[in-house]
Structures are given as C-alpha cells and as structure tokens.
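Undergrad: Sequence:
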Amino acid sequence: MENIRYFPAKTSPVDLFIRITFLIGLPLAILLKKRIGLWLVIYFLSLGTLGMLTTDSPNLARTIPVLPFIYLISGLCIGEAINTMKKKFDPKIVWSLFILAFISVSVFNISRYFTWVQSEAVSNARQPALSYSDFLKWQDYQIIMVKSGLSTVTIYEWEKIKAQNSAAQESFDIIH
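In this note's numbering, the protein residues as written are 1 to 176.
Simulated from the structure, these hints should not be mistaken for laboratory data.
Each hint should be verified, as a subset may be incorrect.
[As the list claims (entries may be wrong)] In silico DSSO-like pairs for lysine-lysine, Cα to Cα no more than 30 Å straight-line:
no., residue 1, residue 2
1, Lys137, Lys147
2, Lys162, Lys147
3, Lys137, Lys162
4, Lys137, Lys160
5, Lys160, Lys147
[To be verified] Cβ-Cβ distance ranges computed for the label pairs, FRET-style:
no., residue 1, residue 2, range
6, Ser119, Ile99, 28 to 34 Å
7, Phe135, Gly48, 38 to 44 Å
8, Glu120, Ala81, 36 to 42 Å
9, Thr152, Pro13, 32 to 38 Å
10, Phe114, Phe135, 16 to 22 Å
11, Phe114, Pro91, 31 to 37 Å
12, Gly48, Tyr113, 24 to 30 Å
13, Thr115, Lys147, 38 to 44 Å
14, Ser104, Met145, 47 to 53 Å
15, Ser104, Leu31, 24 to 30 Å
16, Val105, Ile143, 41 to 47 Å
On a predicted model such as this, the values are computed, not experimentally measured, just so you know.
Just so you know, even glycine gets a beta-carbon here, dropped at the ideal spot from N, CA and C.
Build out the structure end to end from the sequences listed, making use of the hints.
TA: What follows is the structure in structure tokens.
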C-alpha cells in the first residue's frame with residue numbers, strides 16, 4: 001500500500017550504502033547496548049507502532065520517523081569502521097577515502113532524487129495538481145478574481161477554464 005508521492009515505487013527510502021552499514025551496525029549497536037540501547041528501543045518501538053500496527057501495514061510512509069534511527073545506526077557502523085581503519089592506516093588517507101565516499105554517495109542520491117521527482121509517474125501520482133507551467137497563469141487569474149470581489153477557483157474549475165480558453169483559441173485560429 002505504498003504511495004509513490006513519497007518514495008519511488010518498490011524502492012527503499014535509503015540507498016544501498018546505508019542499508020549495508022545499517023545491517024552491519026545493528027548487531028554492533030546491540031553489542032554496544034550501554035551506549036545506544038535507548039535508541040534501539042525507540043527504533044523498534046517506532047517501527048512496530050508506526051509501520052506494523054496500523055491499517056494496511058506495512059506502510060513505508062508511516063515509518064518515516066524511523067529513518068533517523070537507521071542513519072544513527074549506520075553512522076555508528078561508519079564511525080567504528082573509521083576508527084578501526086585509522087589504527088591500521090594513515091588517518092589522512094582514511095579521512096580522504098571517507099570524504100570521497102561521502103561525496104560520491106551524496107551526488108548519487110541527489111541525482112537519483114531529482115530524476116525520480118521529475119518523472120511522469122510522480123507527476124501523475126500528485127494529480128489533481130497545478131503544473132509548474134500553469135502556475136503563473138493560475139496565480140494571475142486568482143488575483144484578478146480576488147480583486148474583482150469573486151471567489152478563487154479550485155483545480156477542477158481551473159482545468160475547465162483552461163479547456164474553454166483552449167477551445168476558444170482554436171475557434172479564433174480557425175476563423176482567422
């Protein structure tokens with residue numbers, strides 16, 4: 001029962017890198033329960049109550065509050081990996097590799113997001129809605145309506161007005 005307005009269809013809300021570090025970090029977090037035990041309890045309670053004990057579960061959109069805990073546990077894994085690698089390798093090289101990996105994952109995620117958010121599937125999932133290209137015309141029309149003491153129009157009314165204007169323009173073009 002997912003809604004593609006929030007996440008790309010059939011995908012995870014986190015990338016492969018975060019999923020891997022989370023899966024490695026979760027047992028690590030359990031072993032280090034004194035430092036992170038409360039966060040684990042909050043994570044599992046949130047996952048259960050928000051995602052599973054709801055109508056039409058599991059529902060990814062309802063578990064968005066769980067994401068910070070996933071990143072926390074992934075961060076724990078990354079932190080432990082950096083500390084372990086700094087003991088074996090030059091810390092400057094370790095930090096350089098970490099920064100390079102961070103930038104690479106960030107660029108990948110940002111690119112993936114903008115590709116998804118501009119897709120036709122997302123646009124269709126958000127309907128009825130105003131297109132970006134129509135916004136200024138719609139806004140001007142609404143301002144005219146308000147200044148004239150008339151009510152503003154809904155999206156459905158706006159679509160009818162556009163269709164009528166389009167038909168009128170076509171008739172005008174045929175005549176002239």
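Undergrad: Taking the hints in turn, state whether each one holds.
TA: Hints versus structure:
1. Lys137 with Lys147: At roughly 15 Å apart (the allowed maximum being 30 Å), Lys147 and Lys137 satisfy the hint.
2. Lys162 with Lys147: Given that 30 Å is the threshold and the Cα spacing comes to 20 Å, the pair holds.
3. Lys137 with Lys162: holds, 10 Å
4. Lys137 with Lys160: holds, 14 Å
5. Lys160 with Lys147: Judged against 30 Å, a Cα distance of about 21 Å means the pair holds.
6. Ser119 with Ile99: 28 to 34 Å: holds, 31 Å
7. Phe135 with Gly48: 38 to 44 Å: Taking Cβ atoms as reference, Phe135 and Gly48 lie about 41 Å apart, which means the hint holds.
8. Glu120 with Ala81: 36 to 42 Å: holds, 40 Å
9. Thr152 with Pro13: 32 to 38 Å: holds, 36 Å
10. Phe114 with Phe135: 16 to 22 Å: holds, 19 Å
11. Phe114 with Pro91: 31 to 37 Å: holds, 35 Å
12. Gly48 with Tyr113: 24 to 30 Å: holds, 28 Å
13. Thr115 with Lys147: 38 to 44 Å: With a Cβ separation near 40 Å, Thr115 and Lys147 satisfy 38 to 44 Å, so the hint holds.
14. Ser104 with Met145: 47 to 53 Å: The hinted range 47 to 53 Å holds for Ser104 and Met145, with Cβ atoms some 50 Å apart.
15. Ser104 with Leu31: 24 to 30 Å: holds, 29 Å
16. Val105 with Ile143: 41 to 47 Å: holds, 44 Å
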